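Q: Here's the letter readout for the chains.
Number of protein chains: 2
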Amino acid sequence: MKRRVTLKHIAKELDVSVSTVSKALKNSEEISRETKEKIQAFAKLYNYRPNNIALSLKNKKTKNIGVIIPDIVHHFFTTVFRGIEHYAGERGYNVMICVSDESFEKEVLNMELLANGSIDGIIMSLSAETQERNDFNHLQEIMDQGIPMVLFDRVSDEVACDKVILNDIEIAFEAVETMINSGKRKIALVTTESYFNVSSDRAQGYEKALISNDLQLEKNLVLTLPYESEDEIPIWEFFESNEIDAVLCVNEIFAIKCMDVVQRQGKKVPEDISFIGFTNGILSRYSTPKLSTVAQHGERMGETAAKLLIDRIENDLEGNYKTEVISATLIHRDSTIN
Amino acid sequence: MKRRVTLKHIAKELDVSVSTVSKALKNSEEISRETKEKIQAFAKLYNYRPNNIALSLKNKKTKNIGVIIPDIVHHFFTTVFRGIEHYAGERGYNVMICVSDESFEKEVLNMELLANGSIDGIIMSLSAETQERNDFNHLQEIMDQGIPMVLFDRVSDEVACDKVILNDIEIAFEAVETMINSGKRKIALVTTESYFNVSSDRAQGYEKALISNDLQLEKNLVLTLPYESEDEIPIWEFFESNEIDAVLCVNEIFAIKCMDVVQRQGKKVPEDISFIGFTNGILSRYSTPKLSTVAQHGERMGETAAKLLIDRIENDLEGNYKTEVISATLIHRDSTIN
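Quick mapping for you: the protein sequence lines, in order, are chains A and B. Numbering-wise (the working numbering), the first sequence opens with residue 1 and increments by one. Numbering-wise (the working numbering), the second sequence opens with residue 339 and increments by one.
If you're looking for bench data, these hints aren't it; they were derived computationally from the structure. All values derive from a computational prediction rather than experimental measurement. C-beta: ideal position from N, C-alpha, C; glycine also. Wrong hints could be hidden among the right ones.
Under the rule of at most 27 angstroms between Cα atoms (straight-line distance), these lysine-lysine pairs were calculated in the BS3-like manner [what the hints assert, rightly or not]:
id : chain 1 : residue 1 : chain 2 : residue 2
1  : A       : Lys290    : B       : Lys606
2  : A       : Lys267    : B       : Lys628
3  : A       : Lys61     : B       : Lys346
4  : A       : Lys61     : B       : Lys401
5  : A       : Lys184    : A       : Lys267
6  : A       : Lys12     : B       : Lys645
7  : B       : Lys376    : A       : Lys63
8  : B       : Lys399    : A       : Lys63
9  : B       : Lys399    : A       : Lys61
10 : B       : Lys350    : B       : Lys374
11 : B       : Lys401    : A       : Lys44
12 : A       : Lys44     : B       : Lys399
13 : B       : Lys606    : A       : Lys267
14 : B       : Lys605    : A       : Lys268
Among the chain A residues that face chain B by a calculated CB cut under 10 angstroms, a handful are [claimed, not checked]:
id : residue
15 : Phe81
16 : Gly89
17 : Met259
Please build the complete structure, drawing on both the sequences and the hints.
A: Have a look at this one:
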């Protein structure tokens, strides 16, 4: 039997990216005519069939679910996975995961790998690069083949499918308002690039809370950090050069790093400066002081996503997509004034 | 097309466990004759073929690797996975993971799922229950079908395959000796059940270090904790009722929990009591005080495992199994006296 030719083989053979191949095969305007002709000819020659096995999937259930997460060394995503696994197990489904490593290309490859006939549906959270590019063709393709999909946490309005999200705007609003009510006035936001839908929602909640309490939005009180970085200089300088008495951080690790820096600068937490983070991970429970944080209820999010997916698979539902909103909880520990 | 009957279907239909079905089909002595006949008849009726697709796999490479880890919410396993993924990616392989959730039955199901024709080889770490049962038939079966396997960290002498392990005995010896050299004499071990090969190796290193320094082994200085538990009472009582001036913990989370308890009991770390943990995770870097710990170099372990597996896949190697030993490093932070 001849080996099935994949997007990746074609990309490698012609020395172009996987997404170029994918777009060329769909005759996208973004790709030059010359490149398209070359790729299409090659695909024809080698009898490329887009996920051909998947096309026959609809009537042949595998009782397997595929999950794609952006990062495996990340408490939130692993707890969501746990929720998916527990719920799916109860309904007799096995689960396998692929990790996109925040890369668009890997996400495309993961989907191709999973959609090779061994799964009935996919649950995923978008990679950073996918959110940055705003390119969701690969998701649409999978759904066009009749494989249902549920997006969680990092989602996009441009993809029509079931979704599970957190009430990020509301809970960020509540977190900031709590700090204002305890007497804080100079409130900073430590966040990631705004192409993450969750970061932009949390920023929106932060801004709304300031405005509704007649506080001024100050651009220099927003610190944008790279998603993964060991460099603490920007943090050090941010807290040295600004007068800040409270901080909302869009994740747990930013909060822990910032608390560590300000305490070395001689400030007291929470008296001089309060902190609230997102992700109620183990770090929050054992930091000094223990971190007040937003519990995102990852397991519940995972269970909800798995329920949406399995219901759709088993009832062959089409359209009528739902977005379930998980209500986050603010947990007060020792990094805020009660 | 009729759906393929799996071990799980048979188990469910006949209301027995997956491992009973697996053993019955291999005519195991452990299963009663009556049960075996029933299961075998059922399997025949429904044309059960053990991983039938896998049998034809040998000449048809998929360029996919399957990974089975016991737990996804665990820093060490996720860093090993990262290492596997990075190395495999460089050699053009995709990786998918299944999680056994420390369950023997899930591990068997994971293997069946992965061996359905979509992977060229498996990298895994044994579940707690598999180590407790000491039952490795499912691993042997996969290898008998020509699917190569590499075990890492939680391994067994009873399985003949490539392995990657840590020098657990030596590094535990070194950790304890370091504390003895700093003047400590009443050294405790906080560990998990001894059916984990890694825990038993670390206990062996601990004992050796005491003996070689003419210190007495005291049974009451060894605390065995359940693998996952929020209950701190046993920890509280252990440190209240014993005179202890140093502690080796077999993982990071035990160390963090114990440090938290003893500090609430009014003891000073490291002056009154020193701590060394295993797993150089993010918790260790942000605990108070920062935890001295054994870096297991999970990424290197993962890369090594992936190299062993891919070399075996690509060169169709048989036999001549290797065990690669990764040398751990002791990292001194603030929970030990330097």
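Q: Give a verdict on every hint.
A: For each hint, the structure was consulted:
The suggested pairing of A/Lys290 with B/Lys606 holds, with an alpha-carbon distance near 19 angstroms, which does not exceed 27 angstroms. Taking the CA atoms of A/Lys267 and B/Lys628, the gap is about 19 angstroms. The hint holds against a cut of 27 angstroms. A C-alpha spacing of about 14 angstroms is found between A/Lys61 and B/Lys346, which places the hinted pair at or below 27 angstroms, so the restraint holds. A hinted pair counts as satisfied when its Cα atoms are at most 27 angstroms apart, and A/Lys61 with B/Lys401 qualifies at roughly 24 angstroms.
Using a Cα cut-off of 27 angstroms, the hinted pair A/Lys184 and A/Lys267 holds, with the two alpha carbons roughly 15 angstroms apart. With a C-alpha separation of about 22 angstroms, the suggested pair A/Lys12 and B/Lys645 falls inside the 27 angstroms cut-off, and the hint holds. Straight-line distance between C-alpha atoms of B/Lys376 and A/Lys63 comes to about 25 angstroms, which keeps the hinted pair within the 27 angstroms bound. Simply put, B/Lys399 and A/Lys63 have alpha-carbon atoms about 24 angstroms apart, close enough for the 27 angstroms limit, and the pair holds.
Between the alpha carbons of B/Lys399 and A/Lys61 the distance comes to roughly 24 angstroms, so the proposed pair stays at or under 27 angstroms and holds. Of the pairs offered as hints, the one joining B/Lys350 and B/Lys374 holds, with about 15 angstroms between alpha carbons and a cut-off of 27 angstroms not exceeded. Taking the CA atoms of B/Lys401 and A/Lys44, the gap is about 22 angstroms. The hint holds against a cut of 27 angstroms. Note on A/Lys44 and B/Lys399: the hinted pairing holds, with a Cα-Cα distance of about 22 angstroms set against a maximum of 27 angstroms.
Annotation: proposed proximity of B/Lys606 to A/Lys267 holds, straight-line Cα distance about 23 angstroms (limit 27 angstroms). For the hint linking B/Lys605 to A/Lys268, the alpha-carbon distance of about 23 angstroms falls within 27 angstroms, and the restraint holds. A hinted interface residue such as A/Phe81 counts as satisfied when its beta carbon comes closer than 10 angstroms to some beta carbon of chain B; here the least separation is about 6 angstroms, so the hint holds. Restraint check, A/Gly89 versus chain B: the minimum CB separation of about 8 angstroms is within 10 angstroms; hint holds.
For the restraint placing A/Met259 at the interface with chain B, the shortest Cβ-Cβ distance is roughly 9 angstroms, inside the 10 angstroms limit, so the hint holds.
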